[in-house]
Every structure is written in structure tokens, then in C-alpha cells.
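With chain A held as given, fit chain U onto it using these hints.
These protein sequence lines map, in sequence, to chains A and U.
Each residue of the first sequence is one higher than the one before, counting from 1 in our numbering.
Each residue of the second sequence is one higher than the one before, counting from 1 in our numbering.
Be aware that one or more of the hints could be misleading.
Claimed, not checked - Using C-beta positions, here's what the derived DEER-type ranges look like:
1. Val144/A with Gly218/U: 54 to 62 Å
2. Gly218/U with Arg78/A: 20 to 28 Å
3. Leu195/A with Gln35/U: 40 to 48 Å
4. Thr180/A with Leu28/U: 21 to 29 Å
5. Ala15/U with Thr206/A: 13 to 21 Å
These are computed hints drawn from the structure, not numbers from a lab.
Idealized CB from N, CA, C, for every residue including glycine.
What follows is each chain in one-letter form.
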Amino acid sequence: MMWQIFRDNFGLFMQGLGYTVGVSLLSLFFCLIIGTIFALLEINPKRWVRVIGKIYVEFFRNVPLLVITMFFYVVVPRLGVPLSGFAAGAIGLTIYTSAFIAETVRAGIQSVDPGQMEAARSNGLTYVQTMRFIILPQAIKIIVPPLGNQFINLVKNSSVLAFVAGFDLMYQGNLIASNTFETTTTYAIVGVLYLIITMPMSYAMTYLDHRWSGSVKEEE
Amino acid sequence: MRRLKKWLWLLPLLALSLLLTSCGSNSLAAESVLQRGKETNSITWGVKNDTRLFGLMDISDGEIKGFDIDIAKEVSRRVFGQNVKINFVPVTSQTRIPLLKNGNVDAIIATMTNTPDRRKVVDFSDTYFNAGQSILVKKGSKIKSVADLKAGTKVIGVQGSNSVQNIKKVAPDARVLQLSDYAQAFTALQSGQGDALTTDNGILYGMSADNPDYVVVGKTFTKEPYAIAVNKGQRDFLDQVNLALKSMRADGVYKQIEDKWFGNIAGFSDRSDK
Numbered sequence: 001m002m003w004q005i006f007r008d009n010f011g012l013f014m015q016g017l018g019y020t021v022g023v024s025l026l027s028l029f030f031c032l033i034i035g036t037i038f039a040l041l042e043i044n045p046k047r048w049v050r051v052i053g054k055i056y057v058e059f060f061r062n063v064p065l066l067v068i069t070m071f072f073y074v075v076v077p078r079l080g081v082p083l084s085g086f087a088a089g090a091i092g093l094t095i096y097t098s099a100f101i102a103e104t105v106r107a108g109i110q111s112v113d114p115g116q117m118e119a120a121r122s123n124g125l126t127y128v129q130t131m132r133f134i135i136l137p138q139a140i141k142i143i144v145p146p147l148g149n150q151f152i153n154l155v156k157n158s159s160v161l162a163f164v165a166g167f168d169l170m171y172q173g174n175l176i177a178s179n180t181f182e183t184t185t186t187y188a189i190v191g192v193l194y195l196i197i198t199m200p201m202s203y204a205m206t207y208l209d210h211r212w213s214g215s216v217k218e219e220e
Numbered sequence: 001m002r003r004l005k006k007w008l009w010l011l012p013l014l015a016l017s018l019l020l021t022s023c024g025s026n027s028l029a030a031e032s033v034l035q036r037g038k039e040t041n042s043i044t045w046g047v048k049n050d051t052r053l054f055g056l057m058d059i060s061d062g063e064i065k066g067f068d069i070d071i072a073k074e075v076s077r078r079v080f081g082q083n084v085k086i087n088f089v090p091v092t093s094q095t096r097i098p099l100l101k102n103g104n105v106d107a108i109i110a111t112m113t114n115t116p117d118r119r120k121v122v123d124f125s126d127t128y129f130n131a132g133q134s135i136l137v138k139k140g141s142k143i144k145s146v147a148d149l150k151a152g153t154k155v156i157g158v159q160g161s162n163s164v165q166n167i168k169k170v171a172p173d174a175r176v177l178q179l180s181d182y183a184q185a186f187t188a189l190q191s192g193q194g195d196a197l198t199t200d201n202g203i204l205y206g207m208s209a210d211n212p213d214y215v216v217v218g219k220t221f222t223k224e225p226y227a228i229a230v231n232k233g234q235r236d237f238l239d240q241v242n243l244a245l246k247s248m249r250a251d252g253v254y255k256q257i258e259d260k261w262f263g264n265i266a267g268f269s270d271r272s273d274k
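Bound-form chain A, shown alone (with noise of 0.2 Å):
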């Protein structure tokens, strides 16, 4: 029965798959850089910069990410510049995912003892030539294991894209279900297939961690 299902409707299925992993690639990236630049923000040594650091995360972490997504799909195009849905679901994604993103990276960098900032400082190198090239290498070690989670999350989340007609997996699932009458079964492949992204994930972070915790206590 399930194979069945998944045969008769796997084009809608690999498209859906292919749009997931597509928007969550294309998040990923541009949230990692958003995330990284507020992440800075937040720790820069002057106050105005860091209220709007803080600003964007506390916001941005805080609203519904279907209420971002909503925004740009219905409110954004009344203003005149015309969204697709796979577009707002890519932006509201980005936005949202770069919040959590930042706060982990500002925590992060802020694990790293302050005297590697002073020492760094008092040897001469700028505050961005000390972030890059002393407080960073450092920070990512710490930061991998729980960005690896914000992203599996990122992954899971692009199932708002279903609510905006952004042809993902839960979208495909959806019209799949609705044409079949298998609900049940239909979902249990989309639940499948969303594992299929996200376990290697997962293992590949586990994988990370012991690699790199080992290394760090080498060092030591």
C-alpha cells in the first residue's frame, strides 16, 4: 500500500523533495551570514549597535515563523513588489532561522575567555583582524553541535512553505492526501522522506562533536 503510494506519486513526491532541500540549502545560506553579521552586533563594544542587534534577534525569535512567512506573501506584494510563495517561505525561513542562529554564534563567541581578546588587542591586532583571526577558529568548535540543530530545525520548518503553495514535500503530501484519500499513508512517506534529509544530519553533527571535543582536549 505505501509503496504502492509512493510509487504512483513519486514525481510529486521528488519534486517536493528537491524543493525542500532547495529552500533549506539556499536558507541556510544566507542565514548563516545574517546570523553571523547580528551575532556581531550584539557583542560589539558600542552600546547603539548592540540594541540593534538585539533588536532583530529578541524580535525575530519571538513572532511565529508562519506570521513572517504570511507577511511577505500577502503583505509585502500590496506594497508593490511581487512575491512568489517559494520566495516568502525562502525569506521568512531566513529571517527566522538567522535570530536563532545568531544567538547561538553570540553565544559562542562570548564562551571564548575574554583574555584572548585583551592578549590579541594588546598585541597590536585590530578588534575585526581578533574576531577573524583569534576569537572565531575558536567559537566554531563550540558553535557546530548547536547549530547543527538549528539547522535540522531549518529543515523541518520549510514545511511552512505548504501553507503559501511553495511546492515542498508537505505541500506535494498534501495534494497527494488529498487526491488519494490516504491520509495516513501519504504523511508517513512525507515523514520518511523528511528523515531521510534530516537523520544523516543529525549523525553527521554527533559525528563532528566527538571529532572536535577530542581535538579540543588534545590541545589541551
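Positioned in the frame of chain A, the structure of chain U alone reads:
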């Protein structure tokens, strides 16, 4: 222990397959609606709550109102008696059949077309309303009828509705965007996400009456006989429903309800059954 750990990743899949096998039985849906209804003196209908004229939530008093609702009330009273307790559960085109099959609702009266595909999974009553599919566009749109939905145009529909299946046949080159319910679909049309919105004319006239900037264009291009859906094996209940529908038409109550909802809707007289 080490070897066990190696296989730990299989656990989620195992849990999923357990979930699957446990979903086979739905005893509630198999119970006789007629018998249970008489015992508990109540019936639960699956209805639309986002569709003007047929079933729309009135925010001022929290009640769902519309043509489908009035028909459901009248049928319930004729089958179970004047004092029957009538419950309404909001459904969408996508959720109505699963909810019926799970036994969450006893019957569906939710702008639902009787189609051969659906007859494979549910039983339908006699037709209680003849609708036909049409398209809604912004006033002044260059799309004048379904024939103008060529390549490069986008049509908005609702997931699980019969109309998205039809539009793919009638306008195969247009891209179809499916949203989860009519409220969302209309919002998407207003935001310019699509060039036209397609569904049954009755629903479209409801939207147009609320928002005169949007108009129904072209003639209906399908016949959509609306019927009440019940689970398979509810023959006795279905017979009673058909009897109630017939007597409503005979004593003029049907006409009253029809006039109440559609009497003032301009353009509705060219419905396919008239």
C-alpha cells in the same frame, strides 16, 4: 551494548511503522449514525466556516451561518426530530474526508461535489445544490473567461477541491497554486499571487459580494452537484437524509432557504440547472 548502539538509528523508523499499523481501525466511523443519533439525540456535521453563502463564521456571535448550515439543520430535524442537538465542526476541502473516515463527523455538508473518485471512499446523498465551476478575477483583468488562462498565467485553487482537478483539464498550460482554504486563496488573489481564483460559482459570488472589486467572469464550465457525504455502510441514515431532502423540496422549505441565501445574488440566475 556497542553493537546495539550501532542499530539505534533504526528506532525512529520502527516507531513510525508502529504508528502506521495502529491506524487501521476506526470503530467510531463504523457505528450506525442513525442509531447513535437517536440514542444521543445529536448529530455532528462537517461544514465550511470560511465560505460566504454556504458556511461562514459570524464573528459577532461565533455561529457558522450559510446555505449548507440551514440545509443541515433542516435535514437533522426531519431525521431526528425538532429537538435534536446539532453540532458543527469546521472542515476544509482537504480535511473533510479524513475527518469523516475517522468518525470526527457523522456527515459532511461542505460545498462538496459528488464525483466518481470520491464515491469510492464515501457515499453521497441526492444532490441538494447544483453549482458549476467558474473563475474570479480582479475587476478590469484581461482574463475574461477560462479560455484566457494560457501559459504564463497562474490560477489559485484550494487543496483537495474538485475544482483544481478540473482546471488542470480545462486550462492545462496555466500554473495552479493550491492554498489550504478559501479565505487564504482569496487573500492570495488580492495579493496578486495569481491571475484568477477558480472554484464553484456559488463560493465565488460570495467573495464577489463581499469585495466588489473582484468579479466572476465567463460561463460555468463544469457541473458540480453538491451532495451530503456519509461513510460507507450508512445506507439507513442516507435513505433518511434523501427522504428529508425530498420532503423539503416538496413543502417549499428548500425554496425558502435558497431564496434567503441566493435571492439577491446578481448573476446567479444563469446557474447551470436553470
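Status of each hint after checking the structure:
no.	hint	in the structure
1	Val144/A with Gly218/U: 54 to 62 Å	holds, 58 Å
2	Gly218/U with Arg78/A: 20 to 28 Å	holds, 26 Å
3	Leu195/A with Gln35/U: 40 to 48 Å	holds, 43 Å
4	Thr180/A with Leu28/U: 21 to 29 Å	holds, 22 Å
5	Ala15/U with Thr206/A: 13 to 21 Å	holds, 19 Å
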